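Visitor: If you use the numbering used here, the sequence shown corresponds to residues 449 to 591, in order.
Calculated from the structure, these hints are not laboratory results. Bear in mind the structure is a predicted one, so any value in this text is a computation, not a measurement. Where a beta carbon is used, it is the ideal one built from N, C-alpha and C, also for glycine. A couple of the hints might just be wrong.
Pair by pair, the computed Cβ-Cβ distance ranges are [to be verified]:
| hint | residue 1 | residue 2 | range |
| --- | --- | --- | --- |
| 1 | L494 | N567 | 20 to 28 Å |
| 2 | D490 | K536 | 18 to 26 Å |
| 3 | D504 | A554 | 33 to 41 Å |
| 4 | G507 | D487 | 16 to 24 Å |
| 5 | S564 | S488 | 19 to 27 Å |
| 6 | D561 | G507 | 33 to 41 Å |
| 7 | D509 | D487 | 29 to 37 Å |
| 8 | A474 | T529 | 25 to 33 Å |
| 9 | G507 | E534 | 17 to 25 Å |
| 10 | A474 | Y553 | 17 to 25 Å |
| 11 | Y553 | P476 | 26 to 34 Å |
| 12 | Y528 | A554 | 31 to 39 Å |
Using 30 Å as the maximum straight-line C-alpha spacing, the simulated BS3-like pairs for lysine-lysine come out as follows [said to hold, decoys possible]:
| hint | residue 1 | residue 2 |
| --- | --- | --- |
| 13 | K491 | K479 |
| 14 | K491 | K556 |
| 15 | K550 | K536 |
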Amino acid sequence: MTRLIKVFAMLCALLAGWGAVASHAATPRYKLMLQITEDSTDKLKLALNHARNVQDTLGRDNVAIQIVAWGPGVRTLRYYTPLADELKEMNHRGVRFVICEKSLYAAKLRRTDLISTFNLASVPSGLAEITVRQAEGWVYAAP
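Input sequences plus hints: build the corresponding full structure.
Guide: Listed below in structure tokens is the structure:
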């Protein structure tokens with residue numbers, strides 16, 4: 449009986465250690481947040497290039513990247529954007545795109561006006577999202 453308890457305790461310790469390693473491996477070491485605040489395809493293209501370069505330099509699994517569109521920047525994600533293929537590619541590479549609901553309302557846009565080839569996350573306030581992420585240790589950059 450004592451041997452069974454020891455084996456069970458060792459098994460539990462192994463599983464707990466494996467879980468800690470697995471959760472650590474899934475957490476990117478670096479976190480980068482880019483913002484888009486202008487209705488400018490050039491600025492959006494620049495942000496996409498920055499995201500790609502950071503992933504290529506640090507490794508996709510080592511960095512979490514989020515692009516937050518707020519203010520006039522939400523207009524860059526309309527369904528007819530010329531950068532639709534690049535946006536989809538970067539989303540497949542793990543870049544998360546976030547839009548500001550307040551900015552959508554101010555621009556008189558609906559979700560149906562935006563690109564729909566991948567999932568766009570939305571937050572009530574883009575600037576609040578940036579503030580929270582910075583407090584969590586994300587690096588913030590504006591192209």
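Visitor: Look at each hint and say if it fits the structure.
Guide: Hints, one by one, checked against the model:
1. L494 to N567: 20 to 28 Å: holds, 23 Å
2. D490 to K536: 18 to 26 Å: holds, 19 Å
3. D504 to A554: 33 to 41 Å: holds, 35 Å
4. G507 to D487: 16 to 24 Å: violated, 33 Å
5. S564 to S488: 19 to 27 Å: holds, 21 Å
6. D561 to G507: 33 to 41 Å: holds, 35 Å
7. D509 to D487: 29 to 37 Å: holds, 33 Å
8. A474 to T529: 25 to 33 Å: Roughly 31 Å apart at Cβ, these two residues keep to the hinted range, so it holds.
9. G507 to E534: 17 to 25 Å: holds, 20 Å
10. A474 to Y553: 17 to 25 Å: violated, 35 Å
11. Y553 to P476: 26 to 34 Å: holds, 32 Å
12. Y528 to A554: 31 to 39 Å: Cβ of Y528 to Cβ of A554: about 20 Å, so the range 31 to 39 Å is violated.
13. K491 to K479: holds, 20 Å
14. K491 to K556: The given pair, whose Cα atoms are some 21 Å apart, holds under the 30 Å limit.
15. K550 to K536: Judged against 30 Å, a Cα distance of about 24 Å means the pair holds.
Hint check: violations occur at hints 4, 10, 12; the rest are consistent with the structure.
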